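Chemist: Whenever a hint applies, use it, and build me the whole structure from the sequences.
Protein chains: 2
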Amino acid sequence: MRDFLPEDVRRRTYVIGVIAGVYQKYGFEPLETPSVENIETLLGKYGEEGNQLIFKILKRGVHESTGEADLALRYDLTVPLARVMAEHRAKLPRLFRRYQIQPVWRADRPGRGRFREFYQCDVDITGSTSPVVEAELCAAVSDCLEALGFAEFTIRLNHRGVLRAVLASAQVPVEKHTDALVALDKLDKIGPDGVTAEFVTRGIDPACAARLLGWLGAEVSDDWLGQFERGLGDLDDQGRAAFANLREIIRLSMATSAGRHLTFEPSLARGLSYYTGAIMEIGVPDLPGSLGGGGRYDNLVGMFSKEGIPSCGFSLGLERILVVMGEQGLFPASVAGAAADVLVATMRPEDAAYAMRVATTLRGQGLRVMVYPDAGKIQKPLKYAEEVRIPCVAILGESEVARDEVTLKFLASRHQEVAGLEQAGAVARQHLGDVRG
Amino acid sequence: MRDFLPEDVRRRTYVIGVIAGVYQKYGFEPLETPSVENIETLLGKYGEEGNQLIFKILKRGVHESTGEADLALRYDLTVPLARVMAEHRAKLPRLFRRYQIQPVWRADRPGRGRFREFYQCDVDITGSTSPVVEAELCAAVSDCLEALGFAEFTIRLNHRGVLRAVLASAQVPVEKHTDALVALDKLDKIGPDGVTAEFVTRGIDPACAARLLGWLGAEVSDDWLGQFERGLGDLDDQGRAAFANLREIIRLSMATSAGRHLTFEPSLARGLSYYTGAIMEIGVPDLPGSLGGGGRYDNLVGMFSKEGIPSCGFSLGLERILVVMGEQGLFPASVAGAAADVLVATMRPEDAAYAMRVATTLRGQGLRVMVYPDAGKIQKPLKYAEEVRIPCVAILGESEVARDEVTLKFLASRHQEVAGLEQAGAVARQHLGDVRG
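Line order of the protein sequences matches chains A and B. FYI, in numbering that gives the first Met the number 0 the residues of the first sequence are 0 to 436. FYI, in numbering that gives the first Met the number 0 the residues of the second sequence are 0 to 436.
Since the hints were derived computationally from the structure, they do not count as laboratory data. Bear in mind the structure is a predicted one, so any value in this text is a computation, not a measurement. A virtual CB, placed ideally from N, CA and C, is assigned to each residue, including glycine. Among the hints, erroneous ones may be present.
[Stated by the list, open to error] Short derived list, chain B residues pointing at chain A, Cβ under 10 Å:
# : residue
1 : P79
2 : Q99
3 : S398
Modeler: Pasting the structure below:
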């Protein structure tokens with residue numbers, strides 16, 4: 000877990016601001032949930048590998064010595080949303096669009112852009128099974144990435160129903176579907192041989208893997224979705240509906256920025272066990288893994304209340320977005336700003352009260368002002384201003400104090416000018432504007 | 000711990016934005032630290048009562064069954080700052096002004112405006128012992144509260160050196176000073192009799208309590224600080240320096256907004272054990288406890304590295320500020336906004352792609368737009384728009400789709416108007432501006 004020093008925070012704040020702004024354009028409302036959930040809320044929602052990555056919190060007080068945990072840090076923002084939908088149902092519209100940008104925690108091994116505490120930027124729509132939902136979500140995250148300056152990215156699209164149909168056609172027994180998906184989900188990382196090996200370990204006939212990998216490795220045509228569907232032969236109603244759903248999501252997305260980024264990716268499995276329909280993942284060139292992902296989870300809210308609510312969501316990973324933006328130089332110059340516009344410095348301790356008055360006045364005139372706390376030789380505050388890149392030092396000597404004046408020294412131009420206290424803000428702003436402009 | 004529904008988040012975001020804006024005006028730079036710290040970092044920094052309120056995290060994997068904790072949720076933002084100053088010393092200026100607005104966790108009993116997960120809005124200045132530091136901090140938090148609309152509040156000021164002098168004059172033995180301060184800190188809650196009782200429980204002569212409470216209960220004059228100092232009789236150098244320090248902090252604050260809110264409060268003790276100099280706390284009428292507090296802690300950084308750095312900080316409590324603002328009606332009307340400006344609705348499923356095109360176009364024209372996902376009778380989206388207070392519905396029927404048009408229906412005025420797709424944004428903005436204006 001990491002500390003974020005000022006420039007890190009400015010970068011993060013910039014990206015979060017852009018993403019929140021796009022989400023708001025799509026009518027998503029902000030939601031925040033506590034970092035800590037009851038442990039039962041989280042367990043059993045993420046599949047076999049997720050459970051092991053949950054940070055658990057010891058009971059307090061006299062129960063501490065039992066070594067038992069009753070609370071845990073949230074693992075994602077989707078399960079908390081489902082709990083909120085069940086718990087606050089009366090206060091929320093059934094058709095609810097929310098965004099949530101908060102940290103989550105996973106006791107995972109860290110890697111490039113992967114940390115144990117990291118931020119997710121989620122959008123979800125609850126209350127409808129329409130493919131408009133998936134299309135709106137893809138459009139929103141696509142707009143986010145374009146607004147941040149990403150030129151090339153791919154929204155990979157698949158469907159749990161397509162995966163079911165593929166596994167059935169490959170003759171994987173139904174009771175082994177979850178195992179097969181867990182293996183398939185690692186295709187990116189471990190390759191076809193790794194997947195075949197994992198099939199064997201999990202007690203699935205390697206011939207199934209061969210069939211599966213044959214379809215997935217076929218050459219992609221312009222009508223990859225249709226070609227893939229035909230290749231599977233006769234499908235049942237569920238399988239046909241899944242393909243039709245994907246076709247409609249793609250059709251609806253054509254009028255949005257997502258249209259040019261969407262591609263059908265039949266090997267995409269997504270690890271989390273709560274997905275029920277379309278699943279999505281965003282990739283960029285040269286970055287293994289993804290910038291984010293999501294999917295439809297129509298049964299999750301129902302695990303917290305009698306009545307379910309169909310839902311679908313997309314999550315952008317802040318840390319990986321920051322890594323790629325750093326590598327590609329996508330941050331605007333403004334995020335590397337100085338902490339203040341003016342540093343107020345005195346030479347004699349008895350002038351500190353005048354320094355406070357100067358600072359109050361300049362702040363009232365719209366400037367960001369820091370008072371250098373220790374009086375003395377002017378070299379020290381000048382050196383400090385250079386070190387922390389404050390562009391202007393307001394020097395208060397005996398004569399300035401006597402006449403309600405300020406000597407403004409601009410570090411870049413080395414220009415120096417005496418101004419009356421009431422005019423000092425305007426003078427500073429004009430010169431700093433020149434420097435910045 | 001609480002969920003924050005959209006209006007809650009908007010209120011919180013508004014307050015955080017105002018506070019961060021003021022802090023930036025004072026040249027404070029943003030810092031963020033992880034929610035989770037090594038448990039040794041936190042233990043032993045907060046005094047006897049703090050340690051018990053720390054949420055501890057179980058070791059993971061094979062170590063889980065030991066019931067041992069190696070991590071913990073942070074209890075405040077001051078100890079993490081001290082750790083950061085020690086750990087990242089080379090990357091940070093010694094004179095460092097940082098603000099940090101993040102949640103902290105305490106396993107405390109909840110009360111009005113008191114929760115187990117809550118946000119602190121901290122400002123700290125490290126690297127100087129000058130009273131300018133205290134004055135800048137008091138001015139910053141005072142500006143925050145004034146910017147939020149607080150009219151009446153008091154910044155109570157005291158000094159650990161004054162407390163030491165008072166306890167010495169009251170003949171409390173030095174080894175009982177910490178006990179006496181813990182008791183005195185509760186004067187607000189348990190009254191003079193409670194403090195006397197706690198003195199006895201802690202093995203301190205109740206005559207000490209009587210002397211102490213006599214001074215603290217004396218009638219306050221215009222020169223309360225001077226009167227109080229004289230009442231204590233002869234002081235040692237440390238005691239005199241503490242009073243002189245407070246006098247200088249008050250003098251420097253007179254040129255800032257804090258001047259009219261500062262009062263000397265000799266009974267103020269502040270529970271945390273890391274304070275070494277001036278201590279501050281903000282009170283408002285009719286709210287027991289405080290909106291925030293802080294003080295000087297010159298030895299805390301030294302607990303994490305060989306070389307110490309004198310430091311001082313102030314922390315505003317977000318939750319209590321929100322409670323008082325709610326009770327006093329201080330939120331601007333803008334925080335109760337609708338999620339979107341326009342709801343796009345279709346009657347026929349085949350028009351969904353046109354709906355996506357309309358939404359994309361209107362968003363490009365600066366509007367916040369939501370697509371109603373399910374086609375059908377127009378009553379449903381109209382009712383929904385009313386429920387979630389979206390002021391305009393874009394209705395797409397057969398003829399609108401055929402002609403690239405949109406029928407805009409404004410719910411407040413019941414005005415309805417057909418517009419070409421390219422003009423629709425301007426028409427909607429004009430009408431919504433009228434309604435809002």
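Chemist: Next, verify each hint and record whether it holds.
Modeler: Going through the hints against the structure:
no.: 1; hint: P79; verdict: holds, 8 Å
no.: 2; hint: Q99; verdict: holds, 9 Å
no.: 3; hint: S398; verdict: violated, 19 Å
Of the numbered hints given earlier, the model fails hint 3 alone.
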